[in-house]
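Trainee: We have chain A already, so just place chain B on it with the hints.
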Amino acid sequence: MRLHNKILPVALVAALLGGSVGALVMRHNNAPSDTQIASSNLLPNSTQANGTTDAALRDNTVMTADTQNLSPTEQNAYRTGFNDGFDTARGGVNNVTRERFVTRAVPTRVTYRAAPARTVRRNSRTAYYDYTPQRRSFWDKHRDKLTLAMGTGGGALLGGLIGGKKGAAIGALAGGGGSALYTYKIRKRNRRY
Amino acid sequence: MERGSKRNARRGATASAFLIALAILAWADSRMAGTAHAFSWRDEAARAAPLRTNKKLPSPASSAHAFATTQFESSRGTARTLPAYARFREVSGRGLVVKTWINGEGPFDFAIDTGAGSTILSTRAARAARVALAGSRTVGLSGLSGARGAVAREASVSSVALGTPDNYLPGRGSIIVADTLPPDLDGVLDPSELFNPLGYVIDFRAGTLRAFDPRVEPLRGSAAPADGDIVSWLTDGTTRRPFVMLEGGRRALIDTGSGLGLGLTPEAAEALGVLGGEGRERGGGVRDLARGRVEARRIEPATVRVGALVLRRIPTDLLAGASASAPVILGRDALRPFELTFDPLNHLIRFVPR
Chain A
1 MRLHNKILPV
11 ALVAALLGGS
21 VGALVMRHNN
31 APSDTQIASS
41 NLLPNSTQAN
51 GTTDAALRDN
61 TVMTADTQNL
71 SPTEQNAYRT
81 GFNDGFDTAR
91 GGVNNVTRER
101 FVTRAVPTRV
111 TYRAAPARTV
121 RRNSRTAYYD
131 YTPQRRSFWD
141 KHRDKLTLAM
151 GTGGGALLGG
161 LIGGKKGAAI
171 GALAGGGGSA
181 LYTYKIRKRN
191 RRY
Chain B
194 MERGSKRNAR
204 RGATASAFLI
214 ALAILAWADS
224 RMAGTAHAFS
234 WRDEAARAAP
244 LRTNKKLPSP
254 ASSAHAFATT
264 QFESSRGTAR
274 TLPAYARFRE
284 VSGRGLVVKT
294 WINGEGPFDF
304 AIDTGAGSTI
314 LSTRAARAAR
324 VALAGSRTVG
334 LSGLSGARGA
344 VAREASVSSV
354 ALGTPDNYLP
364 GRGSIIVADT
374 LPPDLDGVLD
384 PSELFNPLGY
394 VIDFRAGTLR
404 AFDPRVEPLR
414 GSAAPADGDI
424 VSWLTDGTTR
434 RPFVMLEGGR
444 RALIDTGSGL
454 GLGLTPEAAE
464 ALGVLGGEGR
474 ERGGGVRDLA
484 RGRVEARRIE
494 PATVRVGALV
504 LRRIPTDLLA
514 GASASAPVIL
524 GRDALRPFEL
534 TFDPLNHLIR
544 FVPR
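From first to last, the protein sequence lines are chains A and B.
Counting from 1, one number per residue, gives the positions in the first sequence under the numbering used here.
Counting from 194, one number per residue, gives the positions in the second sequence under the numbering used here.
The shape of chain A in the complex, shown without the other chains (with noise of 0.2 angstroms):
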């Protein structure tokens, strides 16, 4: 008990040391961004005190005395100064207790994303079909008019032979209308595929 209570002087003269030191370096430097998150570790909740007694004292009686005057930058950085050298101090002097102060790490910052409800696959392949007939040829061009005359010409050809002019005549009117009952009528058409 009488070594406990040399350890307590010690501690806040090496803590109040250390807090002027850390307030002196930081008046002087920007504060970081995250200063603010930073200083949310000091605070009781996001400390394990194994030692309540001690940390009451830290927190209540020593700091807020010495730290009314400073702004809120100074304030962190005495108080980080502070519990250094407290821990210092104890750790050296006396190595008997166990008390220690574990600071937790805490993100610095905290991104919240939208959870996919669902994963689509987007497919970036597109593959064309074009219906329009590619490259026909003379004869898919004009089947139809081919055909016909074809038909006349044969019928008058034959006629002719048959019976001369009159013949041709008859020939041509007989052929043209078979070819073009053939053509339009009876043909079946639409047989590409």
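FYI, nobody ran anything at the bench for these hints, they're computed from the structure.
Just so you know, not all the hints are guaranteed correct.
As the list claims (entries may be wrong) - Under 10 angstroms between C-beta atoms, here's a sample of chain B residues computed to sit facing chain A:
1) Pro390
2) Ala501
3) Pro530
Note that the Cβ used here is the ideal one computed from N, Cα and C, for glycine as well.
Mentor: Quick look at chain B alone, frame taken from chain A:
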């Protein structure tokens, strides 16, 4: 005398020229008309091979027996033979006609119709196949026009075979008997119903309808063909009719029973941004199974997107007289360039241009 022989020679030459011209005409005509049928059945089978378990090339006559070793497990847990492919022919105004046997009787001419929602049998064919009617219960038929003037009756069949009398399909049981079919058609075959639980492939170019086991050879969305695509098989919730999603969120029914291209109601055309124009009337309109009438007008070709597949200048028909709830139709004129694979297990449809 000499004059007469000259005249005879001239006549002979012209007659020869005429015969040669006729031969050329006949040759050219047969060449053009027979383009699709120039390849042999072995070529078709080789093209069809990738989705088949059995790699043998069956002869059409014995195709049902060629797959005797390829089996699948039916929904009842029994092993059954995978049906062989069947050949169909496209008949103008009737669709994809395939020879079908019902209860061992036939052959009947059935039109392959993915948009039917049920297999329909004519009263005449039902009588010939001794199909048992399911009591006096009637069902109403509804078509593109929204008319409900036709009444049909439910019936049950014990077997349905395609192509050959013993090439049985896994589906059986309930069908519909109606008397509203055209006189030269004995029935309408819905492959989504009759092939279930198997998948099926309709190859327009080869003129074949064949089955595959989706548990053995499933379609995978990640394995889309380079020049086609694999898209989701959507349904209307009551039948297995295959719908696909067009760009813009509108659904289109894949309907091999329709001779249309991209069939659009005026409302759908407006929503898809398709410009109508004057267009050309198509053969006096279309009569559906419910005895309703729909007029179709071929308009400027549109461009639509199905999944990653962009269909440029697709033959487009504007419908008049269709019900407001009529879906967008992808008929034969739009589907003809493709081989379509329907996987009922994974609810996927594959489009591959041929």
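Trainee: If a hint holds in the structure, say so; if it doesn't, say that too.
Mentor: Status of each hint after checking the structure:
1. Violation of the interface hint for proline 390 of chain B is found here, the shortest Cβ-Cβ separation to chain A being roughly 27 angstroms, above the 10 angstroms cut-off.
2. Restraint check, alanine 501 of chain B versus chain A: the minimum CB separation of about 5 angstroms is within 10 angstroms; hint holds.
3. The interface hint given for proline 530 of chain B holds, since its Cβ lies 7 angstroms from the closest Cβ of chain A, which is under the 10 angstroms cut-off.
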